[in-house]
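Visitor: If you read the sequence shown in the working numbering, its first letter stands for residue 5, the second for the next number, and so on.
The set of hints was computed from the structure by calculation and includes no laboratory data. The model shown is predicted, which means the values in this text are computed figures rather than measured ones. C-beta atoms are modelled at their ideal positions from N, C-alpha and C, and glycine is treated no differently. Honestly, I wouldn't trust all of these hints.
[As the list claims (entries may be wrong)] Pairwise CB distance ranges (calculated):
hint: 1; residue 1: Leu137; residue 2: Glu82; range: 17 to 27 Å
hint: 2; residue 1: Gln190; residue 2: Glu82; range: 31 to 41 Å
hint: 3; residue 1: Gly37; residue 2: Phe152; range: 25 to 35 Å
hint: 4; residue 1: Glu82; residue 2: Lys28; range: 33 to 43 Å
hint: 5; residue 1: Ser106; residue 2: Asp214; range: 43 to 53 Å
hint: 6; residue 1: Glu82; residue 2: Thr128; range: 19 to 29 Å
hint: 7; residue 1: Ala35; residue 2: Leu137; range: 19 to 29 Å
hint: 8; residue 1: Glu167; residue 2: Gly138; range: 12 to 22 Å
hint: 9; residue 1: Thr128; residue 2: Asp214; range: 28 to 38 Å
hint: 10; residue 1: Asp111; residue 2: Val60; range: 24 to 34 Å
[Said to hold, decoys possible] With a Cα cut of at most 25 Å, we get these calculated SDA-like pairs of lysine to any residue:
hint: 11; residue 1: Lys178; residue 2: Glu112
hint: 12; residue 1: Lys178; residue 2: His139
hint: 13; residue 1: Lys156; residue 2: Pro126
hint: 14; residue 1: Lys70; residue 2: Lys189
hint: 15; residue 1: Lys69; residue 2: Glu29
hint: 16; residue 1: Lys66; residue 2: Arg32
hint: 17; residue 1: Lys189; residue 2: His139
hint: 18; residue 1: Lys189; residue 2: Glu167
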Amino acid sequence: MRMAAKSPLISASIIAAGFHQLEKEISRVGAAGADWLHVDVMDGHFVPNLTFGPMVTAALNKLWKKTLDVHLMISNPEKYLEAYRKSGADIISIHYEVIGPSPTLLDEIRRLGAKAGLAINPSTPLDVVDSLLGHFDLLLIMSVVPGFAGQKFIPEVSSKIKEAAALKKRLGAKFLIEVDGGISKQNAAAVSRSGAEVLVAGKGIFGERDYHAAVKRLKRVS
5 MRMAAKSPLI
15 SASIIAAGFH
25 QLEKEISRVG
35 AAGADWLHVD
45 VMDGHFVPNL
55 TFGPMVTAAL
65 NKLWKKTLDV
75 HLMISNPEKY
85 LEAYRKSGAD
95 IISIHYEVIG
105 PSPTLLDEIR
115 RLGAKAGLAI
125 NPSTPLDVVD
135 SLLGHFDLLL
145 IMSVVPGFAG
155 QKFIPEVSSK
165 IKEAAALKKR
175 LGAKFLIEVD
185 GGISKQNAAA
195 VSRSGAEVLV
205 AGKGIFGERD
215 YHAAVKRLKR
225 VS
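Please build the complete structure, drawing on both the sequences and the hints.
Guide: Here it is, written out as structure tokens:
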């Protein structure tokens with residue numbers, strides 16, 4: 005059964021871009037039709053890698069005029085929410101594995117004027133979000149173990165995406181379902197049909213010669 009009739013939004017993950025020509029990369033991916041720019045913030049603690057701080061995000065925001073989608077894979081997001089909002093983040097996603105069932109930080113993101121995203125790892129069951137329904141605008145389902153780019157999509161996550169789509173439909177909820185990890189031209193349509201409304205793609209765009217063709221393929225749902 006097809007659960008996602010519309011083409012998905014594409015959030016281009018900048019971690020896979022060529023950093024020696026970042027301004028050019030951002031211009032190209034924007035012209036190619038990417039809807040959002042996905043910024044993976046890693047602290048070397050919650051995940052074993054280090055990436056972007058607020059200063060880099062602010063620089064990206066000057067180059068990108070569409071939605072800036074910031075994913076905080078960090079152990080202490082409460083210290084940095086305001087800084088990332090001021091740096092231009094339109095969406096700030098934080099992990100259930102960090103905040104637990106408390107809505108406090110999700111509500112703070114909204115208070116700061118950004119959309120609140122709740123991220124869950126592949127091993128985290130979907131039912132943990134029940135206590136937080138109504139406090140987030142985006143459900144970010146990880147389809148790889150977070151920490152490094154270029155991993156393969158975990159097939160078992162497909163059932164979680166379908167479960168999330170069914171939950172959203174049953175409740176008449178407004179949150180978007182975003183899927184992050186291992187999205188490629190080979191699986192994007194199936195992931196979309198499972199219920200994903202936003203696809204995060206790194207290598208699936210920046211690893212291709214023709215960004216326009218890559219984005220177009222990722223948006224296909226059949």
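Visitor: Each hint should be assessed against the structure and marked as holding or not.
Guide: Hints, verified against the model:
{"no.": "1", "hint": "Leu137 - Glu82: 17 to 27 Å", "result": "21 Å, holds"}
{"no.": "2", "hint": "Gln190 - Glu82: 31 to 41 Å", "result": "39 Å, holds"}
{"no.": "3", "hint": "Gly37 - Phe152: 25 to 35 Å", "result": "26 Å, holds"}
{"no.": "4", "hint": "Glu82 - Lys28: 33 to 43 Å", "result": "35 Å, holds"}
{"no.": "5", "hint": "Ser106 - Asp214: 43 to 53 Å", "result": "45 Å, holds"}
{"no.": "6", "hint": "Glu82 - Thr128: 19 to 29 Å", "result": "20 Å, holds"}
{"no.": "7", "hint": "Ala35 - Leu137: 19 to 29 Å", "result": "37 Å, violated"}
{"no.": "8", "hint": "Glu167 - Gly138: 12 to 22 Å", "result": "18 Å, holds"}
{"no.": "9", "hint": "Thr128 - Asp214: 28 to 38 Å", "result": "36 Å, holds"}
{"no.": "10", "hint": "Asp111 - Val60: 24 to 34 Å", "result": "27 Å, holds"}
{"no.": "11", "hint": "Lys178 - Glu112", "result": "19 Å, holds"}
{"no.": "12", "hint": "Lys178 - His139", "result": "11 Å, holds"}
{"no.": "13", "hint": "Lys156 - Pro126", "result": "12 Å, holds"}
{"no.": "14", "hint": "Lys70 - Lys189", "result": "23 Å, holds"}
{"no.": "15", "hint": "Lys69 - Glu29", "result": "14 Å, holds"}
{"no.": "16", "hint": "Lys66 - Arg32", "result": "15 Å, holds"}
{"no.": "17", "hint": "Lys189 - His139", "result": "32 Å, violated"}
{"no.": "18", "hint": "Lys189 - Glu167", "result": "23 Å, holds"}
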